[in-house]
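Trainee: Below are the chains, spelled out letter by letter.
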Amino acid sequence: MPDPVLYGKAMLSSTLASATIVWLLCAWQKPLSDVRGKLACLAGCAGGLLAGHGTLKLYPAFPPANGLDRFLTIVLPSILAVQAIAVLVGSSRKNRWLPHGFLAIVVIQVLLYRSVYLGGPHSDWSPWRSTLLLTISAVLWTAIWNLLTALARRSQSTVLLSLAMTILGSGGVILLAGYLKGGSAAIPLAASLFGVSAGAMFCGARSHLHPTIHVGITGLFCLLFIGRFFGGVSTNTSVLLFASPLICWTGHIPSLRTLPPQKLQVMQLLLVTLVVAVVLLVAKHSFDREMAPLLGIPSSTT
Amino acid sequence: MKKALLSLLAATFLSGFTLWGANPVLGADEYAYDLVHSSVSFKARHLDLSWIHGRFNQVDGKFSLDRQDPAKSAFELTIQAESVDTANAARDEHLRQPDYFDTKQFPTIEFKSTKVRPIEGGYEVLGDFTMHGQKKSITIRLLGGREIEHNGVKRVGFSTEVKLKRSDFGFDPTQIGLIGDEAIIIIDCEGMRK
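Protein sequences, first through last, are from chains A and B.
Numbered according to my numbering, the first sequence spans residues 1 to 302.
Numbered according to my numbering, the second sequence spans residues 1001 to 1194.
Hints listed in this document are in silico derivations from the structure and should not be mistaken for laboratory results.
As the structure is a computational prediction, the values presented were derived from the model and not from experiment.
Virtual Cβ for every residue (Gly too), placed ideally from N, Cα, C.
Cβ-to-Cβ under 7 Å is the rule here; a few derived chain A residues that face chain B:
| hint | residue |
| --- | --- |
| 1 | Val116 |
| 2 | Tyr179 |
| 3 | Leu180 |
| 4 | Leu294 |
Model the full structure from these sequences, guided by the hints.
Mentor: See below:
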């Protein structure tokens, strides 16, 4: 059964841990170097994830048995490490389509490892169908990743907050689709992004959020991918949620560009929240109709 | 002459090797699982008040019976987890998700015998039971084994009940509560001699 109190505790512990780590690592160094600022945000994100997963008892599984285990045990630590290395070696921002595409294919294969989608004696998925799935997913991920990265060059905190909001909403949708563990895994990630954003705001590190945004995009994609291919989330819902942070591009419509930056940021975040809220409402309606009777919850739609 | 002898020797050796590696062993009767006249069903407690019943609609299997040397008998069963049916489509969909059977990751539930011993009224079968990606050794008491011939086909039937704990097979412990940890699997199967 979903435990709202536990989810609240995980949210709080994760946000506090990540904000505190960012603040501790950044507040005492003025001026803050780019490398230190970015590494502090990544450390905050990692700390928030550890605190949240610890509260929810979502421990790494060895060997990881399913898609969610592989996401928590392999993908999340790897993407944090990759981003930290990229910060240390100072990778160029140009030509990232190819490495992002390659990373997408690898991550998708890891998530689908030994499942019916990648063949096997009990699979009805032909090799060409699996290849098509891998290609479409990788192209979608790479396209949205690059569009969000480009947007983040203009407003990093807006993109990070919109990602955190979408991850939280996606967790709710996965949970309402009947996959409780998958849905609850979104809470530490969303909360740690909120925490990093808050910590960075307090100590003037808002221009160092770029690597954390990459972690957020990867996390959002993986959660929705797991929800779609292992849980009961529909393709339309998954794609809509994954693309919803792109609404922040509306802030760059010529007629809106004249708005004060803070008002513009609030408007962008409100628009993302609106889309996520509508998707959540539809998911709740479906839950009331199909799942609530199974759990003995009186249905509000009948 | 020498060549012919060598060929004969090689053929004898090869046929002997094939028979030694063959499964099932010589002398055993082979049976195919008859899906029409068999069922694999289960029940689990709901809120510790009542039993929820369900079944698996797609099952396959085979077994070989050696009446002279029962230890050489073998039993295999493969259940398609996706075919779970509890007479409620929404619940079936929920059971296919990763919190329960995780059918996209673990499409089958399998049993393969490793040791067979005759008991009164049937066989005691030790074997590997694989569910949710976890393999455990279990012992089942297969009752029956009477053979009859119907419309020219020899048939044999067995029944058994197996008690399992879902927590032993890696099911999410947070999901154990509403539905009890223990599940009872009831297998009634009929085999047709090949």
